[in-house]
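Novice: Chain L: place on chain R using the hints.
Protein chains: 2
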Amino acid sequence: MSNKKQNILIIGAGLCGSLLALRLGQRGYNVTVFEMRPDLRTTDISAGRSINLAFSDRGIKAMKLVGIEDKVKELCIPMNGRMLHDKDGNTFLSNYSGKDYEFINSISRGELNGLLLTEAEKHDNVSIHFNKKCKSVDFEKTTALFQDYITKDEFVEDADCIIATDGAGSALRKSYYLAKKFLFSFSQDYLSYGYKELSFLPTKTGDYKTYKNALHIWPRSSFMLIALPNLDGSFTVTLFLSYDEGEYNFNNLTTPELVTEFFQKEFPDALEIMPNLVDDFFENPTAALGTVKCSPWHYKGNTLLMGDAAHAIVPFYGQGMNASFEDVVEFDKALDQHLDNWEQIFKAYEKNRKKDTDAIADLAIDNFHEMKGHVVNPIFQEKRKIEMALEKEFPKEYSSKYSLVTFNENVGYRQAMLTGRAQDKAILNMLTDGIISSQDDLKSLLEKVKVETEAILEDDRIAGL
Amino acid sequence: MSNKKQNILIIGAGLCGSLLALRLGQRGYNVTVFEMRPDLRTTDISAGRSINLAFSDRGIKAMKLVGIEDKVKELCIPMNGRMLHDKDGNTFLSNYSGKDYEFINSISRGELNGLLLTEAEKHDNVSIHFNKKCKSVDFEKTTALFQDYITKDEFVEDADCIIATDGAGSALRKSYYLAKKFLFSFSQDYLSYGYKELSFLPTKTGDYKTYKNALHIWPRSSFMLIALPNLDGSFTVTLFLSYDEGEYNFNNLTTPELVTEFFQKEFPDALEIMPNLVDDFFENPTAALGTVKCSPWHYKGNTLLMGDAAHAIVPFYGQGMNASFEDVVEFDKALDQHLDNWEQIFKAYEKNRKKDTDAIADLAIDNFHEMKGHVVNPIFQEKRKIEMALEKEFPKEYSSKYSLVTFNENVGYRQAMLTGRAQDKAILNMLTDGIISSQDDLKSLLEKVKVETEAILEDDRIAGL
Chain R
1 MSNKKQNILI IGAGLCGSLL ALRLGQRGYN VTVFEMRPDL RTTDISAGRS INLAFSDRGI
61 KAMKLVGIED KVKELCIPMN GRMLHDKDGN TFLSNYSGKD YEFINSISRG ELNGLLLTEA
121 EKHDNVSIHF NKKCKSVDFE KTTALFQDYI TKDEFVEDAD CIIATDGAGS ALRKSYYLAK
181 KFLFSFSQDY LSYGYKELSF LPTKTGDYKT YKNALHIWPR SSFMLIALPN LDGSFTVTLF
241 LSYDEGEYNF NNLTTPELVT EFFQKEFPDA LEIMPNLVDD FFENPTAALG TVKCSPWHYK
301 GNTLLMGDAA HAIVPFYGQG MNASFEDVVE FDKALDQHLD NWEQIFKAYE KNRKKDTDAI
361 ADLAIDNFHE MKGHVVNPIF QEKRKIEMAL EKEFPKEYSS KYSLVTFNEN VGYRQAMLTG
421 RAQDKAILNM LTDGIISSQD DLKSLLEKVK VETEAILEDD RIAGL
Chain L
1 MSNKKQNILI IGAGLCGSLL ALRLGQRGYN VTVFEMRPDL RTTDISAGRS INLAFSDRGI
61 KAMKLVGIED KVKELCIPMN GRMLHDKDGN TFLSNYSGKD YEFINSISRG ELNGLLLTEA
121 EKHDNVSIHF NKKCKSVDFE KTTALFQDYI TKDEFVEDAD CIIATDGAGS ALRKSYYLAK
181 KFLFSFSQDY LSYGYKELSF LPTKTGDYKT YKNALHIWPR SSFMLIALPN LDGSFTVTLF
241 LSYDEGEYNF NNLTTPELVT EFFQKEFPDA LEIMPNLVDD FFENPTAALG TVKCSPWHYK
301 GNTLLMGDAA HAIVPFYGQG MNASFEDVVE FDKALDQHLD NWEQIFKAYE KNRKKDTDAI
361 ADLAIDNFHE MKGHVVNPIF QEKRKIEMAL EKEFPKEYSS KYSLVTFNEN VGYRQAMLTG
421 RAQDKAILNM LTDGIISSQD DLKSLLEKVK VETEAILEDD RIAGL
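Chains R and L supply the protein sequences, listed in that same order. Here the first sequence stands for residues 1 to 465, where the numbers follow full-length UniProt numbering. Here the second sequence stands for residues 1 to 465, where the numbers follow full-length UniProt numbering.
No wet-lab data here; the hints were simulated from the structure. All figures in this text were calculated on a predicted structure; none of them were measured in a lab. Please note: incorrect hints may appear among the correct ones.
[Said to hold, decoys possible] In the DSS-like style, the derived pairs of lysine-lysine whose C-alpha atoms are separated by at most 27 Å in a straight line are: (1) Lys180(L) <-> Lys180(R); (2) Lys196(L) <-> Lys180(R); (3) Lys71(L) <-> Lys61(L); (4) Lys212(R) <-> Lys152(R); (5) Lys99(R) <-> Lys61(R); (6) Lys174(R) <-> Lys71(L); (7) Lys448(L) <-> Lys180(R); (8) Lys355(L) <-> Lys300(L); (9) Lys293(R) <-> Lys181(L); (10) Lys180(R) <-> Lys181(L); (11) Lys122(L) <-> Lys133(L); (12) Lys347(L) <-> Lys180(L); (13) Lys71(R) <-> Lys135(R); (14) Lys181(R) <-> Lys196(L); (15) Lys152(R) <-> Lys396(L); (16) Lys133(R) <-> Lys174(L); (17) Lys300(R) <-> Lys135(R); (18) Lys293(L) <-> Lys355(R); (19) Lys133(R) <-> Lys180(L); (20) Lys135(R) <-> Lys181(L); (21) Lys448(L) <-> Lys448(R); (22) Lys61(L) <-> Lys293(R); (23) Lys180(R) <-> Lys152(L); (24) Lys135(R) <-> Lys347(L); (25) Lys443(R) <-> Lys99(R); (26) Lys61(L) <-> Lys396(L); (27) Lys5(L) <-> Lys333(L); (28) Lys61(R) <-> Lys396(R); (29) Lys181(R) <-> Lys71(L); (30) Lys333(L) <-> Lys347(L); (31) Lys141(R) <-> Lys300(R); (32) Lys122(L) <-> Lys293(R); (33) Lys450(R) <-> Lys355(R); (34) Lys174(R) <-> Lys181(L); (35) Lys64(R) <-> Lys300(R); (36) Lys293(R) <-> Lys333(L).
If we strip away everything but chain R, and leave its shape as in the complex, we get:
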């Protein structure tokens, strides 16, 4: 398919849309992007939204594809592990991997998005328009209806194909659902938990108030607080809490006194460095935690969903942005296959990709339970110890589920999930049965874990699971 004359309309210039625009611009397509918000490089629109994110190897792979890895690195703060905080304020650093070179990064959503927009706009064949909200998509005519936020005027745009990267509330996805023109499988699943963003401000001299190079976690079994560093010396702090269960919840934390009492009791060391707690708590919104899956992502060769529009996930694996960036890498591979038309490209892309985005959605839910219950179960701690030792001793032969998901960008999420879950099951069961312990010789441990993992996978295959 000759691409020189192809006009591609992208709905949404968030992280996924701006990266896609950049890549398609590099490939020579005529790319037009419409974004509902103002240009975030010139307007502050961050209030209450997730202002920093975990950025790791799958995301980095995408930055390499478009050649801006070095520029992105300047925005990154490495986080080598989880810094766990108990109720007495004791801390314990748990590295993400037994391999020194494996770590994740904290990155500013706004800075990264701005960089991607600027890089995309360097291409004459890419144009980006702000304050234009997509109201609906006519996927049979390949046209989209927009409204200008400022003039309120409505206008219709057409293109050779439309790719919607307009996030969890996607207008294209809504059009698929409401039109009932084809069988559209769709799910939205909410946790009974919400989240609220808070902050640790920098010290007066601009320094970090707590250890910079970690993702801080206050795991409290049925709820948790986390904190990620920003380049300006602050941390973005997020409280994950039930809406209506437990002694304290979002529905009953209604006064400054109750909020302070809750933090005093559960997160005293955090409270000490957040004099701004009450203001943050009552100024910032409480947001929902949802998973969206759907299929098909495309309608013929006309329209395609990508990023959160196709697969929004909960944030607990730090993979939301990385998965969306990986979408662009995988879409680029489909383009490389020189297929004849957009329908073939979209079909090949979805067939290859959907199993992986389904998997990371499920893994992200798993990890919520693992993170908030982090310190509770001694057998989980013992497993972690064994896995760290195996990763350190056998860096090429062993990777934990977390490492497979986070640091093995050439293993798909689904394969990471299957192998990772089987490994977890193997180790936990052998520990419980006294077949292994963290004192064992590492070579023999590795062998036992590999054999048992393979046996579990084989048993599942035989049972057709």
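Specialist: This is chain L only, laid out in the frame that chain R set:
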């Protein structure tokens, strides 16, 4: 809560709604039912819809609750097993259970629905109105908007509470989704297969053209044909086939010649007794196979979803109607708990019930793959042989997954799924590993299966699965 003055509005007088109306009428509530279709006792509206259904122990339990078991039994045709048909027309009867007294029934949807309506209307406090379609529900005001099919007039009804039993396309569920007033988790999942109803007509003397007391299956691995008997000597035949994959599919079976060729090749013995094939095929619609799940089912104490409106499932376990009838049994239990208000009743009902309707939805998908692949895998056949022998020899100690789901109405679907799947996995793995065979002593087989099943369940518990 005194129920004498409570006005309950039921939307939909299908199988679930009419049983619910009967039961709530028996309990003394003022019940008003609105149904969008005409009265099926006086109008033929069956065309193209599923006209007979599998009816089994969970459904029978509900009929006992309302005291009409004997009347329903007159409508039943027992089916003792699956009659499998191979491509050469050879048949093989595989009983549903090793226990003689365990069988399922074929029953006419229309006859059963008519009986339930008639029984409900015997109560002065129950009134049923036909040709009134629900357009939307205001769940904050507890009112529903209806349109009369004949006069086209719209009118609003209010009640103390509204229960929607209006099926997979529920107006209340749509109102929950569209209003966005609370976090509503929702999924609709379509298979890439559709179904079409066909028929074997009776012989000229009114007899059955093939064996009456079985559910006939022509399993062909990637598609299948099934047939269930009707009281009039006919069978309702259903073709389950991919929309777009395989040599023959619903999208490419576009001419009488192709349809006949397909049946000649795949179902020759069926084709012999269906001279009406081509007419049926092109007159009857192709329908979709979808699963619907959602949560919450209720909004405060105002409104509640029940039956297919809350949990539509694919038909492969023959449990759709049975699950909806069981809903009424479980709702009746919640009413027995003498809770203070509708919100408590609805909450208790959903908390107890949802895990089970989620499970039967997943089991029904599993069973599609099992049914269409029925004859393919020798190890599955060996498993079935062992389970039949165990059920026969130890009727109180062993029930297969199928029996747990179908004949053990006092075991919830979720428990049946967990135990049944672990049993399947235990037997399949021990067969593959040569640890057991169908020649073994039954007492020792039972012991080994029980021990291995428990070990599988325990391993999953340890791994937090």
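Novice: All the hints need checking, so say for each whether the structure fits it.
Specialist: Verification of the supplied hints:
Distance check on the hinted pair: Lys180(L) and Lys180(R) sit about 20 Å apart at the alpha-carbon level, within 27 Å; holds. With a C-alpha separation of about 20 Å, the suggested pair Lys196(L) and Lys180(R) falls inside the 27 Å cut-off, and the hint holds. Under the criterion of a C-alpha separation no larger than 27 Å, the hint pairing Lys71(L) with Lys61(L) is consistent with the structure, at around 14 Å. Of the pairs offered as hints, the one joining Lys212(R) and Lys152(R) is violated, with about 45 Å between alpha carbons and a cut-off of 27 Å exceeded.
Restraint check for Lys99(R) and Lys61(R): satisfied, since their Cα atoms lie roughly 19 Å apart, inside the 27 Å limit. Distance restraint check for Lys174(R) and Lys71(L): the Cα-Cα separation of roughly 47 Å exceeds the 27 Å cut-off, and the hinted pair is therefore not satisfied. For the proposed pair Lys448(L) and Lys180(R), the alpha carbon gap of about 51 Å is over 27 Å, so the pair is violated. Taking the CA atoms of Lys355(L) and Lys300(L), the gap is near 20 Å; set against the 27 Å cutoff, the hint holds.
Between Lys293(R) and Lys181(L) the alpha-carbon distance is near 21 Å, which keeps this suggested pair within the 27 Å criterion. For the hint linking Lys180(R) to Lys181(L), the alpha-carbon distance of about 23 Å falls within 27 Å, and the restraint holds. Of the supplied pair hints, the one linking Lys122(L) and Lys133(L) holds, its CA atoms being roughly 23 Å apart against a limit of 27 Å. Proximity of Lys347(L) to Lys180(L) is assessed by CA-CA distance (about 20 Å); at most 27 Å being required, the pair is judged to hold.
At roughly 35 Å between alpha-carbon atoms, Lys71(R) and Lys135(R) are farther apart than 27 Å, so this suggested pair is violated. Distance check on the hinted pair: Lys181(R) and Lys196(L) sit about 19 Å apart at the alpha-carbon level, within 27 Å; holds. Among the hinted pairs, Lys152(R) with Lys396(L) is inconsistent with the structure: their alpha-carbon atoms are about 72 Å apart, more than 27 Å. With a CA separation close to 25 Å, the supplied pair Lys133(R) and Lys174(L) stays within the 27 Å bound.
Simply put, Lys300(R) and Lys135(R) have alpha-carbon atoms about 21 Å apart, close enough for the 27 Å limit, and the pair holds. The straight-line distance between the Cα atoms of Lys293(L) and Lys355(R) is roughly 21 Å, inside the 27 Å bound, and the hint therefore holds. The straight-line distance between the Cα atoms of Lys133(R) and Lys180(L) is roughly 20 Å, inside the 27 Å bound, and the hint therefore holds. Between Lys135(R) and Lys181(L) the CA atoms are separated by roughly 20 Å; this keeps the pair inside 27 Å, and the hint holds.
Only pairs whose Cα atoms come within 27 Å are accepted, and Lys448(L) paired with Lys448(R) is accepted, the gap being roughly 25 Å. Between Lys61(L) and Lys293(R) the CA atoms are separated by roughly 37 Å; this puts the pair beyond 27 Å, and the hint is violated. In summary, the hint linking Lys180(R) to Lys152(L) is supported, as the alpha carbons are separated by about 24 Å, within the 27 Å threshold. Restraint check for Lys135(R) and Lys347(L): not satisfied, since their Cα atoms lie roughly 37 Å apart, outside the 27 Å limit.
Under the criterion of a C-alpha separation no larger than 27 Å, the hint pairing Lys443(R) with Lys99(R) is consistent with the structure, at around 17 Å. The straight-line distance between the Cα atoms of Lys61(L) and Lys396(L) is roughly 19 Å, inside the 27 Å bound, and the hint therefore holds. For the hint pairing Lys5(L) with Lys333(L), the CA-to-CA distance comes to about 20 Å; that is within 27 Å, so the pair holds. The hinted pair formed by Lys61(R) and Lys396(R) meets the criterion: a straight-line CA distance of about 19 Å does not exceed 27 Å.
With a C-alpha separation of about 43 Å, the suggested pairing of Lys181(R) with Lys71(L) is violated against the 27 Å cut-off. For the suggested pair Lys333(L) and Lys347(L), the alpha carbons sit about 13 Å apart, so the restraint of at most 27 Å is met. In summary, the hint linking Lys141(R) to Lys300(R) is supported, as the alpha carbons are separated by about 11 Å, within the 27 Å threshold. Distance hint between Lys122(L) and Lys293(R) is unfulfilled; the C-alpha atoms sit about 47 Å from each other, more than 27 Å.
About 24 Å separates the Cα atoms of Lys450(R) and Lys355(R), which keeps this hinted pair within 27 Å; it holds. For the given pair, Lys174(R) sits about 17 Å from Lys181(L) by alpha-carbon distance, which is consistent with the 27 Å threshold. Proposed proximity of Lys64(R) and Lys300(R) is contradicted: the alpha carbons are some 31 Å apart, above 27 Å. A C-alpha spacing of about 35 Å is found between Lys293(R) and Lys333(L), which places the hinted pair above 27 Å, so the restraint is violated.
Going through the hint list in order, the structure does not satisfy hints 4, 6, 7, 13, 15, 22, 24, 29, 32, 35, 36.
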